[in-house]
Amino acid sequence: MIIRVGEYRDIVAIMDIFKKAIADMDAKGINQWDDIYPSEDVLLNDISQNNIIVSVNAMNTIQGVIVLDEHQDIAYEDIKWKYNLGKQLIIHRLCIHPNFQGEGIARMLIKYAECIGIEQKYKSIRLDAFIPNIRACRMYEQLGYHKRGIVTFRKGAFYCYEKGLFKELRR
Numbered sequence: 014m015i016i017r018v019g020e021y022r023d024i025v026a027i028m029d030i031f032k033k034a035i036a037d038m039d040a041k042g043i044n045q046w047d048d049i050y051p052s053e054d055v056l057l058n059d060i061s062q063n064n065i066i067v068s069v070n071a072m073n074t075i076q077g078v079i080v081l082d083e084h085q086d087i088a089y090e091d092i093k094w095k096y097n098l099g100k101q102l103i104i105h106r107l108c109i110h111p112n113f114q115g116e117g118i119a120r121m122l123i124k125y126a127e128c129i130g131i132e133q134k135y136k137s138i139r140l141d142a143f144i145p146n147i148r149a150c151r152m153y154e155q156l157g158y159h160k161r162g163i164v165t166f167r168k169g170a171f172y173c174y175e176k177g178l179f180k181e182l183r184r
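Residue numbers (this note's numbering): 14 to 184.
Just so you know, the hints here were simulated from the structure itself, not pulled from any lab data.
Don't take each hint at face value.
To be verified - Straight-line alpha carbon distances no greater than 20 Å define the calculated DMTMM-like cross-link-like pairs of lysine to aspartate or glutamate that follow:
{"hint": "1", "residue 1": "K100", "residue 2": "E116"}
{"hint": "2", "residue 1": "K168", "residue 2": "D39"}
{"hint": "3", "residue 1": "K136", "residue 2": "E116"}
{"hint": "4", "residue 1": "K32", "residue 2": "E53"}
{"hint": "5", "residue 1": "K168", "residue 2": "D91"}
{"hint": "6", "residue 1": "K136", "residue 2": "D82"}
{"hint": "7", "residue 1": "K160", "residue 2": "D48"}
{"hint": "8", "residue 1": "K93", "residue 2": "D47"}
{"hint": "9", "residue 1": "K32", "residue 2": "D47"}
{"hint": "10", "residue 1": "K95", "residue 2": "E53"}
{"hint": "11", "residue 1": "K168", "residue 2": "E20"}
{"hint": "12", "residue 1": "K41", "residue 2": "E53"}
{"hint": "13", "residue 1": "K134", "residue 2": "D82"}
{"hint": "14", "residue 1": "K41", "residue 2": "E116"}
{"hint": "15", "residue 1": "K124", "residue 2": "D91"}
{"hint": "16", "residue 1": "K93", "residue 2": "E116"}
{"hint": "17", "residue 1": "K124", "residue 2": "E83"}
{"hint": "18", "residue 1": "K93", "residue 2": "E154"}
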């Protein structure tokens, strides 16, 4: 597998991943995304900012995406974060094509984000996860992310997670 920055030529595949993942999540009663969000415009903006990262298999098929930037929603201001000094890397829109779920791709993308965070001297990684998406919440907790609070967006309540990035994580 190759992990690389997403490009404009990837947008059709990226949109397909989100559409298929949304249908799969809807079938499981996880209604965190829809035809409003994430939109093609949002994802094209991620590409234009070089913030979207894709995992690509040996067949040159994009299997999953993750967005990394420093943008924190205004709702994050009410969260009691542990790491407040320095800069924080924020994970958005982690999405794996349903055909490739269960292969550890999401974990690899998160570990990639952590490596980028360490290299670029971020103090922590923050993200939010839809509370009914139990599988995603469990994965973040297994990877050492700690719940810091709850925010509410258009689709419902989301846990806010945070993980400190220090030299001891380089093991």
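Straight-line Cα separation of K124 and E83 no greater than 20 Å? holds (17 Å)
Check the hint pairing K41 with E53 against an upper bound of 20 Å on the C-alpha distance. violated (23 Å)
Compare the distance between the alpha carbons of K32 and D47 with 20 Å, and conclude whether the hinted pair is satisfied. Holds, at roughly 8 Å.
Regarding the pair K168 and D91, is the alpha-carbon distance no greater than 20 Å? Measuring from Cα to Cα gives roughly 19 Å; hence the hint holds.
Is it true that the CA of K160 sits at most 20 Å from the CA of D48? Violated. K160 to D48 sits at ~28 Å, over the 20 Å cutoff.
Assess, step by step, whether the Cα of K168 is no farther than 20 Å from the Cα of D39, and give holds or violated. Status holds; Cα separation ~12 Å.
Does the alpha-carbon distance linking K124 and D91 stay inside the 20 Å limit? Between K124 and D91 the Cα gap is close to 27 Å, so the pair fails against 20 Å, i.e. violated.
Against the 20 Å threshold, does the CA-CA distance of K95 and E53 hold or violate the hint? Given pair K95, E53 is violated - Cα atoms ~34 Å apart, limit 20 Å.
Hint check: K93 vs E116, CA-CA at most 20 Å. Holds or violated? violated (33 Å)
Regarding the pair K100 and E116, is the alpha-carbon distance no greater than 20 Å? Status violated; Cα separation ~31 Å.
Proposed proximity, D82 with K136 (alpha carbon, max 20 Å): holds (13 Å)
Taking 20 Å as the top limit, are the C-alpha atoms of K32 and E53 close enough? Measuring from Cα to Cα gives roughly 11 Å; hence the hint holds.
When held up to the earlier numbered hints, the structure conflicts with 1, 3, 7, 8, 10, 11, 12, 15, 16 and fits the remainder.
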